[in-house]
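J.: The lines below spell out each chain.
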Amino acid sequence: MIKKIIWSVIGLVIGVVLLVIGGIAFSKLLKEGHIITNYTSYVPWGLGVSWYVYLVWLEVGTLLSFAILVYIFGLKHLKSIATILYLSGFLILTSAVLTILMDIGKMQKAFDIFFKPHFSSMIAWMAWMHVAYSGVVGLELLISILANRGAKFAIYIDTAFGWIPGMVSIVAGTVLISIIGTLFSTVSGMAAWRGGSLPLLFLLSSLVAGIALLSIIYIAFSPDKGTDVYSRVVKSLGKTTLAFIVIAMIAGFGVSVTLRTSVIDAYFSGAYNAIWAVILGLVIPIIILLLQLTSNAQKSWYMLTAASILMLISLWVIPYNVIINPQMVEPIPGIAEAFLHEKLTYLYTPSRTEVALNMLPIGIAILGFTLGYWILNWISPLKPTAGKEV
Amino acid sequence: MEESRREFFKKVAGGLIAGAAVITVTKKADTQTKVELPTPEDAAKRYKKYLAVDPLIRMQAELKESVKKPEKRWIMVIDLRKCVGCHACTVACMAENKLPPGIVYRPVMDVETGQYPNVSRKFTPKPCFHCENPSCVPVCPVGATWKREDGIVVIDYNKCIGCRYCLIACPYNVRVFDFGYKDYLTGFPASEGLILGQEGLNPFNEKPSLEYNKKWKREGHKSPVSNARKCHFCMHRISAGMLPACTVTCIGRATYFGDKLNPNSLVSELVKKPNVMRLRVELGTNPQCYYLV
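Taken in sequence, the protein lines are chains Y and G.
Taking this note's numbering, the leading residue of the first sequence gets 1, the next gets one more, and so forth.
Taking this note's numbering, the leading residue of the second sequence gets 1, the next gets one more, and so forth.
One thing to keep in mind: the hints can contain errors.
Capping the alpha-carbon separation at 25 Å, the derived lysine-lysine pairs in DSS-like fashion look like this [said to hold, decoys possible]:
(1) Y:Lys116 / G:Lys182
(2) Y:Lys31 / G:Lys147
(3) G:Lys64 / Y:Lys106
(4) G:Lys45 / Y:Lys28
(5) G:Lys217 / Y:Lys31
What the simulated footprint calls covered on chain G by chain Y, stretch by stretch (three residues with Cβ under 8 Å from a Cβ of chain Y suffice, anywhere in the stretch; the number is not a length) [claimed, not checked]:
(6) 61-74
(7) 107-114
(8) 208-217
(9) 231-240
(10) 248-260
Computed footprint of chain G on chain Y; a stretch qualifies when at least three of its residues, placed anywhere within it, have a C-beta under 8 Å from a C-beta of chain G [said to hold, decoys possible]:
(11) 171-180
(12) 224-232
Bear in mind the hints are in silico, worked out from the structure with no lab data behind them.
All C-beta atoms in this analysis are idealised placements derived from N, C-alpha and C, irrespective of residue type, glycine included.
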């Protein structure tokens, strides 16, 4: 209990600090407009867009991995953390929406996407799918809470038809990630994005980032801690993570063979070199997870935690580089020097205010999660599944 | 040795003949350089045919004719051989549309090629190409941009949400985002008389832009601040029967504007020339700004 309180206080403090920093940046945005950002007319999508993509990868990947493991591979014990997982999923999706809202020039008009839609735009489809997916996750959270509280109809739905929302979640998540990938791959003028490989790479990257978050949530919140079931699930998560990383790396390598060297150079150059993301977020976790295969129960969860944290803190560089670096290439020589202004360049590094701005949704998500965890503990505490038929 | 009398007379006769020839040639040259200057009336008559084909006068007349027609397709032709890179078109466009800092509709690209001593500079003005298949149009999530019947790709500032997907989609980077810069002198000390042209800038900043035949006064975060913006072929001028600002300002008569559907128009003649070139046609956008190279 004391541990829980300490972690909650830490969560609250971090959440409030991020909220204050982000709030100050947000007030600056409202007052001064998008001048405070460092993106330009030639690099129009910056940190905000790449951060949105990473948050969606994380969220969709987490729920996709969960649904695949539970409903396809039958790892039913994972269901013990379903409510926490859905809560985190809902909050991450909400913070992703806030991130992209702040990135829009006229955020007050953003809802026109729903009321005055243009069906040929992938952004419109992305917005609708995002909302629909948030609805699915919200519904799953509700059913899970009610089932935990013993509501008969919820238990019935969860046991008899639980696979339906699971499958809907798989389909909706896959569609959302594919739409986001297509949003980039249909831009004909951008050689680095063009083609059908981007949606597939986005999906695989999402699975890799998502399973890392799923592992951390299971290790931190599983009610089965200290049991054999816990050790078994941790091992299974380690193996699945390893498999996802290997598959993603093989697919990534396969796609890179078809790409031009200039495109690969674009992905691996820039302010944040993606080679470090590959080493820290993929290669080192592979080594750790290989060692985890033969480790004892105690070391096993340490190793999975270390590998997952490394993945989570490094993989954001991939959407950043994939989205931003290709924009920093002049499509026609001479544009950059044709008219000189700080907003008419092909150079981009996020401004401090821009970084602070993106802390606001994270702060809100952390605060929401800390408070939501206590509310869940109160209204629908997690139930251990060890020794039970699940 | 004493010279014979015959040889002496020969030399004298030769000298006389040469002298006469020189005098004759000089006289002839004098008559060739003599130019009669025409009177103003004669000049008007003599150069009438040249004045009649001044492209601006011709294009102006064609534009007035085409504006009345229900079907027209505006295009631009730029003769890169005539462009001297003076940037007058860029400045004229900025003045016409009251563009704030950070916004440019018609930059002129200046590319140096070759190696010393065999170097050359190529100037390429870059307006919006008003493509037949514009990649910026279908990506707009709220339908705030579209291609009009007359070929001009427009933006509805009141609809645009500022997502910048159109900026990403345009393969020519002609669209720009209005970040909300107020004027060119923000940050400079307000010291009257010290900054050249400071007095003239305030009225410039205060006057509304007349883009799309509406008045857009720059106030706070109101549109077009935080919107996508781009060249619109000076639509407001066309509807008043005037050529775009860049076209009339071009000192080398390098920019041509007109109706492609009018077979007798100057632009129709120019686009049929073999030295016509367009940028990034491989993308299938079918740009409607042609370059003569």
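J.: Next step is simple, just say for each hint if it's right about the structure.
T.: Okay, the hints, checked on the actual structure:
1. Y:Lys116 / G:Lys182: Not OK: Y:Lys116 and G:Lys182 at ~30 Å, beyond 25 Å, violated.
2. Y:Lys31 / G:Lys147: The hint is violated at about 34 Å.
3. G:Lys64 / Y:Lys106: violated (38 Å)
4. G:Lys45 / Y:Lys28: violated (67 Å)
5. G:Lys217 / Y:Lys31: Measuring from Cα to Cα gives roughly 18 Å; hence the hint holds.
6. 61-74: Three-residue rule not met by the segment 61-74 of chain G, so violated; n is 0.
7. 107-114: Result for this restraint: holds, n = 5.
8. 208-217: violated (count 0)
9. 231-240: violated (count 0)
10. 248-260: Violated - the segment 248-260 of chain G has 0 residues with a Cβ nearer than 8 Å to chain Y, which falls short of three.
11. 171-180: It is violated, with 0 qualifying residues against the three required.
12. 224-232: With 0 residues close enough to chain G, the hint is violated.
In summary, the structure is inconsistent with hints 1, 2, 3, 4, 6, 8, 9, 10, 11, 12 from the numbered list given earlier, while agreeing with the others.
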